[in-house]
Every structure is written in structure tokens, then in C-alpha cells.
Amino acid sequence: MSDMAIWTEKLVKIYPDVRAVDGLNLNVPRGVVYGFLGRNGAGKSSTIRILLGLARATEGHGTVLGFPIGREQVAILERTAYVSESKTLYGNLTPRELVRFTRGFYPNWSEQAVRKYSQLLEIPMDRHFSKLSQGNRTKVCLLLALSQGADLLILDEPATGLDPVVLDEFLRILVQDVVSEGKTVFISSHQLSDVEQIADWVGLIDHGKLLLEARLDDIKSEFRFVTVAGNGLPQIQSSEVLLLASEGSFQKYLVKKDADAFAAQLSRQGATVAEVSPMSLREIFLALVRKEETCTSGNVGEIAEAVSLPLS
Amino acid sequence: MLLHVNPASGVPTYLQIETQVKHYIAAGALTPGDALPSVRQLASDLRISTNTVARAYQDLERDGILRTIPGGRTYVAENPGSFLKAERVRRLRPYARQIAVEGTQLRLDPREIMQLVQQELDALEEEHERYGNLDRKAR
Chain E
1 MSDMAIWTEK
11 LVKIYPDVRA
21 VDGLNLNVPR
31 GVVYGFLGRN
41 GAGKSSTIRI
51 LLGLARATEG
61 HGTVLGFPIG
71 REQVAILERT
81 AYVSESKTLY
91 GNLTPRELVR
101 FTRGFYPNWS
111 EQAVRKYSQL
121 LEIPMDRHFS
131 KLSQGNRTKV
141 CLLLALSQGA
151 DLLILDEPAT
161 GLDPVVLDEF
171 LRILVQDVVS
181 EGKTVFISSH
191 QLSDVEQIAD
201 WVGLIDHGKL
211 LLEARLDDIK
221 SEFRFVTVAG
231 NGLPQIQSSE
241 VLLLASEGSF
251 QKYLVKKDAD
261 AFAAQLSRQG
271 ATVAEVSPMS
281 LREIFLALVR
291 KEETCTSGNV
301 GEIAEAVSLP
311 LS
Chain U
313 MLLHVNPASG
323 VPTYLQIETQ
333 VKHYIAAGAL
343 TPGDALPSVR
353 QLASDLRIST
363 NTVARAYQDL
373 ERDGILRTIP
383 GGRTYVAENP
393 GSFLKAERVR
403 RLRPYARQIA
413 VEGTQLRLDP
423 REIMQLVQQE
433 LDALEEEHER
443 YGNLDRKAR
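Which chain is which? The protein sequence lines are E and U, in order. Letter by letter, the first sequence follows residues 1 to 312 of the working numbering. Letter by letter, the second sequence follows residues 313 to 451 of the working numbering.
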């Protein structure tokens, strides 16, 4: 599985009060920007902590850069840069001191990168970390991550506190200096718009399960809203077709594949196809998460399965 | 070359790039032999993954619209559309069908639909002439 930057199989993490990760299968190819998207509490940070060996999985297994999780932790951490959700570092050190403290751990550390990014991100290098604003704390964490020469960057909510200009600059750095070099970036976020621009792969997680994992452009090519009108239409529900809403003689579906064929089929059965329209990631996310919630609360329909679209 | 992408739209980003490049070529803003920005450059300008730009360039190359010198830059191909007439017609047909379907659904009569298409062709021609006047040989 070493052609994957991150690979997990049936990963489970049970805390006393919650099943944080619930049978998660991740496939993150090398060299992509992967957006790991989900609501607050969906299990994103728990998953990341397991990947890095900061928490132990209750069940399941996986690899990071080809190294087994939980067994080859040093090898993984040497090659992986991690920005945590909390963005806390030693408060009584300055960014400059934090750089000196951190660089010894990483064989590929670059002082040139420190100089370049501390300027581009406008980081006050000589003020105590505890005195920095939230945005500047985030920037220091990103600086340390970018300077490690890592093959994989795992960024947990990296946009916290960043103003739009700095965020834009950070995205430019990521593309130009990290992704262009064939490195893998794994970004977790609940802000779809932060990630949608730069990601070429997305995984949508909810209640510790993956609802969808695919190339973003493939999702946009395939997923369609189909709205039809007609009386006595058959109740269609499959892993490819979700009935989202039904109102009077109107039905609205989310179709994951071959939407035109689906519309043609309904049309042959006497329905009027009002619209087949593309969906934004935001719309897909809302539809899948809401569907999942009505399902788990015991209503009609089946649980949305994570679909994988074929690579073209 | 000024490209713009809207990541929040439902249209795949690589398709947005392809459409704009084709438009620039059709309008004469890009002519055969013109160099395009490198994958890395365009990706960092647009803040999108290099993989997305590479995909758009590969599609355009496959269609004979762009040409990449191995290990080097990407150019507008010398004779884009060198495909056989039949193949070009085959590629355009789905769009023609879509115009026919949408137009009919909006209760426009055939003459009005044809008129619209003609207007778009005229607009493109006009744009082409404007670029031609900008010290460039049209076509």
C-alpha cells in the first residue's frame, strides 16, 4: 500500500462516551492535496491523532507513507509535518527560539525555508508565543511545518485565525513549494470553501464514517440534482441514487452516477424531468450529511455508502 | 494569459480552465506558437492543485489544441483542429443537441435559437478582429 500516502482499513476509536472513529477506510494517493472535510466532532482530529501515533486505535490498522501506524512512529514523524488543531506551542519561547528547538528533530530541516516563509507570512519572530494573536500562532505552526522538508503535511484546521491575505499567500506557498514538488498535503477542515479551492481529492467524514472519497473534479462531473414531477412514481433508492425530498408530485434526487440515464429512465416511466443540475461541494456535503442523519435516526432510506469513482 | 476559476461552482475546475483556453484561442487572443504558463506557475497563480492544471493541459493536448515539448513549455498547437471533419462534428454534436433541447424547453422557436447561435458566432468574430487589430495577424 506504499503507493498511498495514507491508507487505513476499518479504523475505530472508542472513547468512553463516544465512538469517535467508526470503521474508517482512507485512501490518500501520494502527491495530491486531500481535503478531509466534516462537521465539528465528526472524527477528523481523532483520525489524525491516530495516524500520527498520538492516540491508539481501538481497532483497525493502516499506513502513513508506507509505514505501519502505531509501530513505526519515528519513521512517520520524521517525514510528516503536523499542525495541530489547538496551535499551542511553548508560550514562553519566541518563534525564533521555537525554530531552534524544533529543527534538531528533522533531518531535512531548511533554514532557508524559515527565512523565506517567516518573511512571506509576516511573522514577529522575537515576541513570546503566548503574546501572539491567534492568527500569528497559526502562522508560527505553519512555518515550522513548511520548514521540515516533510513528504507529507497533515494540517488540522490550518486556516484558524488567518486573514484572507495571509490565507491566500499560504495557499500559494503550498502549491508552489509543496504540491509542485510531488509532496502530499492532507488538510482537515469544517470550512469547505477554504479547502475546495486547493484540494484535488476530498473525503467527507461524518459520525466517524467516510461518506464519500473521490477526486473533487470527478465528483463535480458526476453528481447531479435531478428534480422530477409525476404521479405514482416508483420509490427509487439505491447506493447511486438518494431521494432527498418529496413534495406533492415533485421529487428531488441526488444522483451519484449516470444522472442522464437515470432521468431518461424516469422519463420513460411517465415523469417530467424538470431539471438535471450540477452540484457544488457545499450542496453535496449538506445533502449527504443530512441524509445520513435522517437515516441514523431511523427514518426511511438506507445509509449512504461511501462511493469511490473510478480514476480516469 | 488571465485565467479565472471559481472553485465553488459545480463545474470541475479543470473544465473551467479548458473552456477558457479554448475561448482565448477561438477569439484569437492566443495564436499558434504562443506559450502558456507552466503547470506550476498557473497552479500557484490560481491557488489550485498542480494536478488540476496538469489534467486540463493533458486534455487540451490530447485534443490537439496544445503541444508540450518534452521537459519544456506548453504552446498553442500549430494547427489546432487538425482532426477530420467528421470527428470535429462528432465532438460538437452533444452541444448542438443541448442547445436544441434547452431552447425548445424554453419555448423558443427554431429561428430564434439559430439567431442566438449566429449572434454568438458574430461576437466571437468581432473579438477576433479586435485582437487582430492589436498588431496580430488574425487566424
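Since the hints were made in silico from the structure, they are not lab data. Think of the CB as a built atom: it goes at the ideal place given N, C-alpha and C, for glycine as much as any other residue. A couple of the hints might just be wrong.
Simulated coverage check for chain E against chain U, where a stretch passes if three residues somewhere in it have a Cβ under 8 Å from a Cβ of chain U [what the hints assert, rightly or not]:
no., region
1, 150 to 164
2, 171 to 183
3, 186 to 197
Checked hints:
no.: 1; hint: 150 to 164; verdict: violated (count 0)
no.: 2; hint: 171 to 183; verdict: holds (count 6)
no.: 3; hint: 186 to 197; verdict: holds (count 3)
In the structure shown, a violation is registered for the earlier hint numbered 1 alone.
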